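Engineer: The primary structure of each chain is shown beneath.
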Amino acid sequence: MHRTRVKVSEGVLDANETIARDNRDDFERHGVTVINLMSAPGAGKTSLLERALEDLGDVRVGVLEGDVQGTLDADRLASLHLPVTQINTDPGFGGECHLDANMVRSALPEVPLDEVDLLVIENVGNLVCPAEFSVGEDSRVMVCSVAEGEDKPLKYPLMFRTCSLVLVNKIDLLPHLDYDLDLFLRNLDAVHPDVERMLVSARTGEGTEAWRKWLLRAAG
Amino acid sequence: MHELALSRAIVEAALRHAEGRRVTVVRVRVGALRQVVRESLRFNFEIVTRDTACDGARLELELIAAQLRCASCGRSWNPAPRPATEIGQLVTPPSFRCPECGAGDADVVGGQELEIESIDVEEGQCIARG
Numbered sequence: 001m002h003r004t005r006v007k008v009s010e011g012v013l014d015a016n017e018t019i020a021r022d023n024r025d026d027f028e029r030h031g032v033t034v035i036n037l038m039s040a041p042g043a044g045k046t047s048l049l050e051r052a053l054e055d056l057g058d059v060r061v062g063v064l065e066g067d068v069q070g071t072l073d074a075d076r077l078a079s080l081h082l083p084v085t086q087i088n089t090d091p092g093f094g095g096e097c098h099l100d101a102n103m104v105r106s107a108l109p110e111v112p113l114d115e116v117d118l119l120v121i122e123n124v125g126n127l128v129c130p131a132e133f134s135v136g137e138d139s140r141v142m143v144c145s146v147a148e149g150e151d152k153p154l155k156y157p158l159m160f161r162t163c164s165l166v167l168v169n170k171i172d173l174l175p176h177l178d179y180d181l182d183l184f185l186r187n188l189d190a191v192h193p194d195v196e197r198m199l200v201s202a203r204t205g206e207g208t209e210a211w212r213k214w215l216l217r218a219a220g
Numbered sequence: 001m002h003e004l005a006l007s008r009a010i011v012e013a014a015l016r017h018a019e020g021r022r023v024t025v026v027r028v029r030v031g032a033l034r035q036v037v038r039e040s041l042r043f044n045f046e047i048v049t050r051d052t053a054c055d056g057a058r059l060e061l062e063l064i065a066a067q068l069r070c071a072s073c074g075r076s077w078n079p080a081p082r083p084a085t086e087i088g089q090l091v092t093p094p095s096f097r098c099p100e101c102g103a104g105d106a107d108v109v110g111g112q113e114l115e116i117e118s119i120d121v122e123e124g125q126c127i128a129r130g
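Residue numbers (this note's numbering), protein chains in the order written: chain A, 1 to 220; chain B, 1 to 130.
Relax, there's no trap hidden among the hints.
Residues from chain A that face chain B, not an exhaustive set, calculated with beta carbons under 10 Å: (1) 1; (2) 7; (3) 132; (4) 157.
Simulated coverage check for chain A against chain B, where a stretch passes if three residues somewhere in it have a Cβ under 8 Å from a Cβ of chain B: (5) 10-18; (6) 190-197.
Treat the hints as calculated values from the structure; they're not laboratory data.
Note that the structure is predicted; figures quoted are calculated from it, not measured.
A virtual CB, placed ideally from N, CA and C, is assigned to each residue, including glycine.
Put together the whole structure using the sequences plus the hints.
Structural biologist: Printed below as a string of structure tokens:
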């Protein structure tokens with residue numbers, strides 16, 4: 001018996017990238033713009049979607065809702081009379097803490113791609129894993145709420161670097177917190193210089209008009 | 001926590017390339033910007049390889065330093081100059097803005113790697129007959 005070295009030279013995430021490309025091809029064929037929305041749990045992804053998706057004019061929106069368990073968020077968004085498809089990572093995918101290209105692929109037959117212009121994929125709440133796994137999206141948006149502290153860009157640079165828009169949510173809480181907004185923005189710029197950012201409050205609606213318009217532009 | 005998913009992907013690729021042979025070593029190149037906690041990767045690798053042809057295989061990790069190049073002035077720098085600690089985290093606030101001209105559009109030249117470089121496999125069976 002002897003040992004042989006086998007050259008592999010393969011990206012660890014190549015298998016995921018291949019499926020992500022298949023997803024992207026499907027999205028393009030149907031003329032659908034896809035946004036991958038990510039954040040820590042409780043940052044306000046669903047609330048910000050409720051604010052923005054309520055009125056997107058002629059743009060037809062669908063949501064692919066990723067959660068480990070349950071349909072709580074999907075139920076909230078379905079009340080906006082949008083096509084919402086739920087992916088639970090718990091039963092079929094081992095309770096994964098993120099969506100990957102294959103999970104999205106397996107849900108696509110249930111997504112009415114012909115009937116939407118914009119598909120928002122609400123990822124599982126997590127600042128680490130979702131950043132690694134492309135699902136075939138056109139752009140990535142992340143929500144970071146002021147309640148999470150100023151240091152998050154430094155702790156999760158991969159997530160902050162991978163996004164083209166950062167929504168700084170819960171700014172209505174600023175008077176009640178020791179949070180230093182300037183420090184957060186400096187940290188954000190250290191990790192992802194000049195990335196587009198919006199200060200918003202899903203609760204009061206402050207700043208959410210800019211987010212709505214951003215989605216409209218993305219879908220256009 | 002993404003180390004579990006990464007371990008699965010590593011083992012899946014290693015098994016594919018091993019084509020049924022027993023794997024003794026898996027070599028992976030990990031960029032400093034991938035936020036991979038090496039101890040966690042090793043721990044998860046051990047769990048994921050159980051009862052596969054990779055069971056007992058050694059995971060060799062090569063850490064690749066981060067290197068950026070300014071798209072405007074061409075200056076190169078390491079955004080996380082102090083070495084990563086043993087748990088694989090960036091210890092100083094990284095700076096992705098060019099220290100020379102202040103531009104924010106740097107190209108990542110090194111540090112994004114996450115690649116299975118090679119594996120060692122056992123060829124044939126050592127069958128001792130009396």
